[in-house]
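> Sequence:
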Amino acid sequence: MPELPEVETTRRGIAPHLKNQCISKVIIRNGKLRWPIPTSLIRSLPGQHIIDVTRRGKYLILQMPKGALIMHLGMSGSMRILSADEPVRKHDHFDLVLDNGKCLRFHDPRRFGSILWSKTDPLQHKLLIKLGPEPDDDLLCGDYLWQRSRHKRVTIKSFIMDSHVVVGVGNIYASESLFRAGINPKRAAGKISKVRYERLSDAVKEVISAAIRQGGTSLKDFTNADGKPGYFSQQLNVYGRRDEDCLQCGATIKHCTIGQRASYYCPKCQK
DNA sequence: CCCGATTCCTGTAGGC
DNA sequence: TGCCTACAGGAATCGG
Numbered sequence: 009m010p011e012l013p014e015v016e017t018t019r020r021g022i023a024p025h026l027k028n029q030c031i032s033k034v035i036i037r038n039g040k041l042r043w044p045i046p047t048s049l050i051r052s053l054p055g056q057h058i059i060d061v062t063r064r065g066k067y068l069i070l071q072m073p074k075g076a077l078i079m080h081l082g083m084s085g086s087m088r089i090l091s092a093d094e095p096v097r098k099h100d101h102f103d104l105v106l107d108n109g110k111c112l113r114f115h116d117p118r119r120f121g122s123i124l125w126s127k128t129d130p131l132q133h134k135l136l137i138k139l140g141p142e143p144d145d146d147l148l149c150g151d152y153l154w155q156r157s158r159h160k161r162v163t164i165k166s167f168i169m170d171s172h173v174v175v176g177v178g179n180i181y182a183s184e185s186l187f188r189a190g191i192n193p194k195r196a197a198g199k200i201s202k203v204r205y206e207r208l209s210d211a212v213k214e215v216i217s218a219a220i221r222q223g224g225t226s227l228k229d230f231t232n233a234d235g236k237p238g239y240f241s242q243q244l245n246v247y248g249r250r251d252e253d254c255l256q257c258g259a260t261i262k263h264c265t266i267g268q269r270a271s272y273y274c275p276k277c278q279k
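Numbering (the numbering used here), first residue to last: 9 to 279.
Because the hints were derived from the structure by calculation, they are not lab data.
Please note that the accuracy of each hint is not assured.
[Unchecked claim] Listed next, with one range per pair, are the computed distances between beta-carbon atoms:
#1 W43 - G198: 30 to 36 Å
#2 K33 - E252: 47 to 53 Å
#3 R221 - K27: 20 to 26 Å
#4 D210 - I89: 35 to 41 Å
#5 E252 - G109: 49 to 55 Å
#6 Q222 - W43: 30 to 36 Å
#7 K199 - E94: 30 to 36 Å
#8 H172 - S32: 33 to 39 Å
#9 R221 - R51: 38 to 44 Å
#10 K202 - Q268: 25 to 31 Å
#11 G109 - P46: 36 to 42 Å
#12 N108 - T62: 17 to 23 Å
#13 V162 - D251: 24 to 30 Å
All C-beta atoms in this analysis are idealised placements derived from N, C-alpha and C, irrespective of residue type, glycine included.
Assemble the whole structure, with the sequences as input and the hints as a guide.
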């Protein structure tokens, strides 16, 4: 489950293999992702080299001389650097083949990911230009959240998960951040005090940075019954713990649906 | 403008 | 054992 920390880990993993490398070929096996992969890439990318690999929110950006490739992993996407002759597996939808015999291979069973092309500054792209600040940006602070939330009637959980407010806070991080901040997820965003937004801002920064430090271990993996709980799952206080005891006060963790998403909270610790 | 609902998709898990 | 259904989720877009 690629949350922001997994995307950043992916970026760090692939960047050294891509930087300054020249593209020799583009293979689209299934272009039906969130949006169609532009078939024009097949002709336009070969011959270009990758100047840099950056990230904005959950979008990876491969900067090239004539534009930028913008990639999103959706909820089941992953990327690997492989030898170009490595046999393809099911759901290997896209290859960026390099001059040196390696390739970047995009794998995405649920096809919620996307691969787009931007002729100009990718940060000005329609999908990126309105994104909120990164969690580690000083722009994200209690005052900012308080200002943005005035007169909003949406729940605080929906508000903090809105990528136009702040990027990278998925369903799991939202529940965990609200627990750390002691805020009930059902409260109206517009009625929360500035002091409490300071706590929430701090909580978001802590949760996301801790996950990045741990190599972006998937928070989602912990629900898998493969005996390999995610590293970060050890630190989950409420997510997925319906009817279990709160680790802080012993009360029973509650479950509810907010914005069509499973939500978990401690009724005693979160008011 | 605001906000809740819908939509895309497939692997996994639970019920019978 | 196997079929069927529910569910999970990022985020744009639709609809009231």
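> Each hint needs a verdict: does it hold in this structure or not?
Hints, verified against the model:
1. W43 - G198: 30 to 36 Å: Holds, since W43 and G198 (Cβ atoms, about 33 Å apart) stay within the stated range.
2. K33 - E252: 47 to 53 Å: Given range 47 to 53 Å: holds, Cβ gap about 51 Å.
3. R221 - K27: 20 to 26 Å: holds, 23 Å
4. D210 - I89: 35 to 41 Å: For D210 and I89 the Cβ distance comes to about 36 Å; the hint holds.
5. E252 - G109: 49 to 55 Å: holds, 50 Å
6. Q222 - W43: 30 to 36 Å: holds, 32 Å
7. K199 - E94: 30 to 36 Å: Hint violated: Cβ distance 54 Å, outside 30 to 36 Å.
8. H172 - S32: 33 to 39 Å: Since the Cβ atoms of H172 and S32 sit about 38 Å apart, the hinted range of 33 to 39 Å holds.
9. R221 - R51: 38 to 44 Å: holds, 41 Å
10. K202 - Q268: 25 to 31 Å: Hint holds: Cβ distance 29 Å, inside 25 to 31 Å.
11. G109 - P46: 36 to 42 Å: violated, 25 Å
12. N108 - T62: 17 to 23 Å: holds, 21 Å
13. V162 - D251: 24 to 30 Å: holds, 27 Å
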